[in-house]
Amino acid sequence: MFGSRVRIRAVPLVLVAALSVGCFATTSAVAGHMAGWQHDHSKKGIPPRPKGLAGLIDVFGQRCTNKANNARSWWPHADANDGSGKYVQYHTYLARTIGYNVRNHINAAHKDGALYPGIGSYNCRLIAGTSFWSVHSWGAAVDTNWQRNFRGQHFWNGRGADGKDHGTYIPDVWRGAFPGHRFFWGLNWSNPDPMHFQYVTGY
Amino acid sequence: MVMKLVIGAVAVVSAAAGVVSGTVGGVPVTSVKAAPSADCPLVEASARGASRTLASGGGLVAVAGGRLVSVSPARPARALVGTTQGVVRHVAARAGAGTAYVVDRRGDDELVVVSADGTRRFQESAEVTHPAWSPRGDLAWATGDALAVLGVGAGRIERLGSPIDGATMFSPVFLSAGRVAAVVSAPPTAPVHEGERLGNLWSVDLDDGRWRRETTFRASGDRWVTVRTPIRRGGSVTFIKVIGRASASGSPRFELWRLDDGGARRVARLPQERYLAGTRGARLLWNVPDPATGRLDVAIERAGGGLRTIGCGAVIVDPVDAVDPDRAARRGEHVPPRGTWPSLETRGHEGRAEEIAVIVGDFATADEASSVAEAMRAAYPASQVEVVDSTTSPFAIRPGVFGALLHLPGDADATAEIARFRDLLPQYAPNSWVVTP
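For the record, the sequence lines run as chains F and C. Under this note's numbering, residues 1 to 203 are what the first sequence spells out, in order. Under this note's numbering, residues 1 to 437 are what the second sequence spells out, in order.
Calculated from the structure, these hints are not laboratory results. Each hint should be verified, as a subset may be incorrect.
Coverage of chain F stretches by chain C, computed from C-beta distances (three or more under 8 Å per stretch; other residues unrestricted) [said to hold, decoys possible]: (1) 38 to 46; (2) 74 to 82; (3) 121 to 132.
Calculated lysine to aspartate or glutamate pairs in the DMTMM-like style (CA-CA distance at most 25 Å, straight line) [what the hints assert, rightly or not]: (4) F:K44 - C:D411; (5) F:K44 - C:D413; (6) F:K164 - F:D112; (7) F:K44 - C:E417; (8) F:K43 - C:D411.
Using C-beta positions, here's what the derived DEER-type ranges look like [to be verified]: (9) F:S190 - C:G49: 28 to 38 Å; (10) C:D165 - F:A177: 39 to 49 Å; (11) C:E44 - F:Q62: 29 to 39 Å; (12) C:S220 - F:Q62: 17 to 27 Å; (13) F:G113 - C:G155: 51 to 61 Å; (14) C:R213 - F:N191: 26 to 36 Å; (15) F:A177 - C:P73: 47 to 57 Å.
Remember, it's a predicted structure, so these values are computed and weren't measured experimentally. Where a beta carbon is used, it is the ideal one built from N, C-alpha and C, also for glycine.
Could you put together the complete structure from these sequences and hints?
Written as structure tokens, this is what we have:
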């Protein structure tokens, strides 16, 4: 009786120890890839994320303006037509978190191959069939890997341009709280949009 | 291929339990009291008054603060009906016929029709939008890829599929008792994977189900054209045409158009974004977004020109003070536990902001970039300016070209700095961007 309890307790302990070693090894390897680079977690690096249309306008200003597409970065595999690289243009408010944090993060982790056509941000359009303006009209949203993650698809397809399945690596970099970058993921809508990551909630 | 289906109506007469706290004259009145917006004051209507207003269809009814409200130039808006089961939107009232509106829910939606005969609720396994009355009391609405038409006094719904495979239909409007027009929005393409691309008005004969294209607007990859808020006005249809360029800075153009037997023609260019909300006599009613907040005002044309604001709320357009339930977050469903994120680097510096820069490019040669860099040094004598390419700044510039890069202080405000740069060196405004070097 006593002996079996010891065995039951011992199994989780062994598992925890093994997982700890595994996690340490993985983290160490990633840290090696990312040597010399750190996130910018200052308030300018990851600025406050607004809520609702009024908050969106308050932080990003008017839609379809210069400010909404005055920042850019170069992304491999981004072009929806031929899979070549492309500039992605977005609001200057997000210049550091997209151009520095997210772009460096993917590159420093040697995950550029997880990207897949197309990738884009600024796009001044009404949402189809509605009088709502797309968050892309403020340069406050990014679509990524859209040719494998179209609107209406209920899952994330993590196969990248390198042909490997990277799971949810790309969404994990964009979405959620630290260590993500606070973008809201459209896959969480009941009408899912897995390619879509936006820097506002409630709109 | 025209699809015409006739399906029995799924009318649920009277109100659903849990939504309605009382019924007056067959009209549901909820106990829900949405907090009125400070910008859009509301007063409570009596249950009897709410019932009469909706059943008569005679007033101007909009959606504000999550509720149907009666808008009048002479007094504050009166709050009529709300619901806890979704978001109220898209309301159509016709004198003598009644009031129809959509209860938008996550997933299935509901169309509610209030008339002198009581309240009918139509459950739809689709996104329901834009109810519209015919002069004799027929009712049409859109369900995404189809239209639904309920004839006056009829017990069944006629459904008409889209004339274009994969297209979205919305905003139906009766051209006559036997013909309904609607906006048909072309399906996505690989380059234009979402957002409005091309919308045209089509009409369908309710007897034979044949579609006819009424407008011939065209779009290219970047240029988009669409139609919003078509309404019946006399013997014609009046609508808003919106023309935009997706990659350009600057608001899309809004125009007022009319469709009649002679075809579609432009009536006027509009000075700002605005949508139609109905008519009052011969005058048009408008929904005008406030650019500072997005709030929707209701305005009426002045006799001598211009608009007079008479209230606020959304009539045919989408209300901006409520989140579409289909776009509300499902908490945590797609967020795995932290332990499954081992590949994410978690170190970061909290205090100092990372450096940003302004780049001018792209140039085919380093010499061209050098001459621009000289001009930038002259404007910013205390700053570092250098010529870069993709080997030195791989995220700021594409391979094979060169740029002149101005380093900015670590705490620089990107929005302010690019504006200042373009003021100082306006000749580079079209090809300058904020980057991280």
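Hints that the structure is at odds with (numbers, increasing): Violated hints: none at all, because every hint is consistent with the structure.
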